[in-house]
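S.K.: Starting from the given sequences, assemble the full structure and let the hints guide the process.
Number of protein chains: 2
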Amino acid sequence: MSKMLQPGATIGILGGGQLGRMLALAAHKLGLKVHIYCPDPQSPAFEVTPHKTIALYEDRKALKAFAETVDLVTYEFENVPAATAKAILEFNTPLAPGAKALATAQDRLIEKTFIEQAGVPVAPFANVESQAELESAVQTIGLPAVLKTRRFGYDGKGQKFLRQPEDVTGAFKELGENPCVLEGFVSFDREISVIIARTASGETAAYDPAENVHQDAILHTSTVPAQISDHVKQDALGAAAKIANALDYVGVMGVEFFVTDANDHLVVNEIAPRVHNSGHWTEAACLISQFEQHMRAIANWPLGDTTRHSDVVMTNLLGNDINQVTEAPTPHTMVHHYGKYEVRPGRKLGHINQISPKNS
Amino acid sequence: MSKMLQPGATIGILGGGQLGRMLALAAHKLGLKVHIYCPDPQSPAFEVTPHKTIALYEDRKALKAFAETVDLVTYEFENVPAATAKAILEFNTPLAPGAKALATAQDRLIEKTFIEQAGVPVAPFANVESQAELESAVQTIGLPAVLKTRRFGYDGKGQKFLRQPEDVTGAFKELGENPCVLEGFVSFDREISVIIARTASGETAAYDPAENVHQDAILHTSTVPAQISDHVKQDALGAAAKIANALDYVGVMGVEFFVTDANDHLVVNEIAPRVHNSGHWTEAACLISQFEQHMRAIANWPLGDTTRHSDVVMTNLLGNDINQVTEAPTPHTMVHHYGKYEVRPGRKLGHINQISPKNS
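Sequence lines, in order, name chains Z and F. For the first sequence, position 288 (counting from the first letter as 1) is numbered 288 according to the UniProt record's numbering, and the numbering increases by one without interruption. For the second sequence, position 121 (counting from the first letter as 1) is numbered 121 according to the UniProt record's numbering, and the numbering increases by one without interruption.
Since the hints were made in silico from the structure, they are not lab data. Check before you lean on any hint, since a few could be wrong.
[Claimed, not checked] With a Cα cut of at most 27 Å, we get these calculated DSS-like pairs of lysine-lysine: (1) F/Lys358 to Z/Lys358; (2) F/Lys358 to Z/Lys233; (3) Z/Lys157 to Z/Lys173; (4) F/Lys3 to F/Lys100.
[What the hints assert, rightly or not] To give a feel for the contact side, a few chain Z residues facing chain F, derived at Cβ under 10 Å: (5) Gly17; (6) Arg21; (7) Ala24; (8) His28; (9) Val34; (10) Pro50; (11) Glu283; (12) Ala285; (13) Ile288; (14) Glu292; (15) Arg296; (16) Asp321; (17) Val325; (18) Tyr338; (19) Asn353; (20) Ile355.
[To be verified] One side of the interface only, derived from the structure: several residues of chain Z facing chain F at Cβ under 10 Å: (21) Pro7; (22) Lys29; (23) His51; (24) Val186; (25) Leu287; (26) Ala299; (27) Ile322; (28) Ala328; (29) Pro329; (30) Gly350.
Beta carbons: idealized from backbone N, C-alpha and C, even for Gly.
M.R.: In structure tokens:
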């Protein structure tokens, strides 16, 4: 199988945002070096390592120099262009998670088809490449439904909720006439997510499911344990493992679920082939955070312990919320500040974890 | 009082070893930038920030450029030359912990005198600046005793154990005819330490005492909770606070104690005006590690929570022990690798924390 990277090896990270930064900090804890590649000169991850490349993801020359400097490439975001991933491999540098995970997660149609074929339930969906196809899909799937661009959506962007027939009119145009999927609206009781790690050797380890609350389509809190039955918990962990195995996945992945039917069933909302905002709680309530686990997985080390020692609530700090970090801390509270240069309303700038003794 | 440093400010750290590296990682978690100053071009802390100066501590020109770039200077080792500390202040940059803490901790005679005057017990001691003074001190203090150089001792270096009269002959010369102290040997039941933080505003917060086991005069394990009575624990916490207050200390400090007289009394062995190896357990068993707490203290933020959520054993990885980090982890185990370039026998290269549910 894949060889084990030794401490002293260099991990290349595509993307210099908070996830890249937290991955870099975790890599350093394991004695690994980090090279950050990002087009934005103000990337917060540039502050935590001496090795950086400021270049476009399409810049083959820069990619070549980067790939030749590092022992393995990973990424903090799923929208790494396919050509970038391909170039890394052409320059003989391993990429983890692999190109299949990227290709699957980048396109909602491919993603949903894949998950369904892996034997895990998703909401009913249909491909939509024109207004006519949208209208026909609405006939099949019914309303309410959600029209989503197949690519480049995040935090609720690239989506339109279709409640009644009038909303359907012109909806395809409103989303820029991009290829879309129509998803049947899932009336859910709660949203949960599972953070799972898998190594090239096929070892998997998952953390307890988190219960997520969104505000304005952006994650607000993750609470662990989630208020779900043990069988739903086991179903979620099983589904995450099925998807990770089917993708031959290497690294940490987030799987988001809707819990439906009086808290009794699950459908997958989406997967993220990377560390995930709803896993930031692991930093405070587990010995090994999702970031460190990702490094262990891609370095092909034995996975770390995912046991949770405490109950926990993670709260995102958006925009001016960030000013809380220098305030008097409440008991059992940890803050994480991403070191971003600019405070903008709604921008993710940090998070807070509050733990309490484990109840369940 | 001192102003509060905001995220985005730069902390200058004198010293680029593992403590500087772990301080830098903690600073990054709080959105602070870090500039490492160290003469050794292979300093492991250079790998975790883009800002570094490779220069001697005596290089005033380099110190000036460094001091002018950063918002505050701290250090990872107590042997920062007095002239270096003075220069930083001359260049109008705050230094924390302050020059008084450095001067006190750098000289065992000053240190012991200071602690005694603060009302905290130490072993009987005497100043020794010649073989004649040594012989006279032995008359007063008795044998066994330990002769220690007043300056630059660490991990058992610069010490000679005097068991019987023959050991006294030539002992002063053996330690290089440097100024020494003779300390009465303390027959102790166990060794403990307290990690305490203090802010410029006088707020203090201490972690639970750790019980330390040394091998070949180097820390081997720290176990928390220590097997001590509640009154010894309270005495240790009280003594640490007394010393921190008397020093007008700002930052995290380690205070080492001997527990004597059938586990009933304490004497201070020594203080370290910095984060301390016997506090590495806080990284795994508390929400806020000693490193993060040090950053909060010197940035004049409210101190973080020192509650311990788990029992813990920290084990140092010396020399080839470091190869354990990529082995299959035992349950509830976290490793930390310092990213040092060279493996040498006895060199501190990493540590392991193993936690278990809290019993006391």
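S.K.: Please go over all the hints and tell whether each is borne out by the structure.
M.R.: Checked hints:
1. For the hint pairing F/Lys358 with Z/Lys358, the CA-to-CA distance comes to about 11 Å; that is within 27 Å, so the pair holds.
2. Taking the CA atoms of F/Lys358 and Z/Lys233, the gap is near 26 Å; set against the 27 Å cutoff, the hint holds.
3. Simply put, Z/Lys157 and Z/Lys173 have alpha-carbon atoms about 15 Å apart, close enough for the 27 Å limit, and the pair holds.
4. Among the hinted pairs, F/Lys3 with F/Lys100 is consistent with the structure: their alpha-carbon atoms are about 20 Å apart, no more than 27 Å.
5. At a threshold of 10 Å, the smallest CB-CB gap from Z/Gly17 to chain F is about 14 Å, leaving the interface hint violated.
6. Because the smallest distance between the Cβ of Z/Arg21 and any Cβ of chain F comes to about 7 Å, under 10 Å, the interface hint for this residue holds.
7. The closest approach between the C-beta of Z/Ala24 and any C-beta of chain F is roughly 8 Å, which is under the 10 Å cut-off, so the hint is satisfied.
8. With a cut of 10 Å, the hint placing Z/His28 at the interface with chain F holds, because the nearest CB-to-CB distance is about 5 Å.
9. Using the Cβ-Cβ criterion of 10 Å, the hint placing Z/Val34 at the interface with chain F is satisfied: the shortest such distance is roughly 8 Å.
10. About 5 Å separates the beta-carbon of Z/Pro50 from the nearest beta-carbon of chain F, less than 10 Å, and the hint is met.
11. The beta carbon of Z/Glu283 is positioned within 10 Å of a beta carbon in chain F (closest approach about 9 Å), and the interface hint is therefore held.
12. A least Cβ separation of about 9 Å between Z/Ala285 and chain F falls short of the 10 Å threshold, and the interface hint therefore holds.
13. Given the 10 Å rule on beta carbons, the hint for Z/Ile288 holds: about 6 Å separates it from the nearest Cβ of chain F.
14. With its C-beta approaching chain F no nearer than about 8 Å, Z/Glu292 sits inside the 10 Å limit, and its interface hint holds.
15. For Z/Arg296, the shortest C-beta to C-beta distance to chain F is roughly 9 Å, which falls under 10 Å, so the interface hint holds.
16. Restraint check, Z/Asp321 versus chain F: the minimum CB separation of about 13 Å is more than 10 Å; hint violated.
17. This hint holds: Z/Val325 has a C-beta 7 Å from the nearest C-beta of chain F, less than the 10 Å allowed.
18. Interface hint at Z/Tyr338: satisfied, since its Cβ lies 7 Å from the closest Cβ of chain F, which is below the 10 Å cut-off.
19. For Z/Asn353, the interface hint holds, the least distance from its beta-carbon to any beta-carbon of chain F being 7 Å, beneath 10 Å.
20. Interface hint at Z/Ile355: satisfied, since its Cβ lies 6 Å from the closest Cβ of chain F, which is below the 10 Å cut-off.
21. Because the closest C-beta pair between Z/Pro7 and chain F is about 5 Å apart, less than 10 Å, the hint holds.
22. Evaluation of the Z/Lys29 hint against chain F yields a held restraint, the C-beta minimum of about 6 Å falling below 10 Å.
23. Look at Z/His51: its Cβ gets to within about 8 Å of chain F, closer than 10 Å, so that hint holds up.
24. Look at Z/Val186: its Cβ only gets to about 36 Å from chain F, farther than 10 Å, so that hint breaks.
25. Here the hint on Z/Leu287 is kept, as its CB sits about 5 Å from the closest CB of chain F, short of 10 Å.
26. Restraint check, Z/Ala299 versus chain F: the minimum CB separation of about 8 Å is within 10 Å; hint holds.
27. Given hint, Z/Ile322 at the interface with chain F, holds; its Cβ is 8 Å from that chain's nearest Cβ, closer than 10 Å.
28. Because the smallest distance between the Cβ of Z/Ala328 and any Cβ of chain F comes to about 4 Å, under 10 Å, the interface hint for this residue holds.
29. Because the smallest distance between the Cβ of Z/Pro329 and any Cβ of chain F comes to about 6 Å, under 10 Å, the interface hint for this residue holds.
30. Contact between Z/Gly350 and chain F, as hinted, is supported at the beta carbon level, the nearest pair being about 7 Å apart and thus within 10 Å.
Hint check: violations occur at hints 5, 16, 24; the rest are consistent with the structure.
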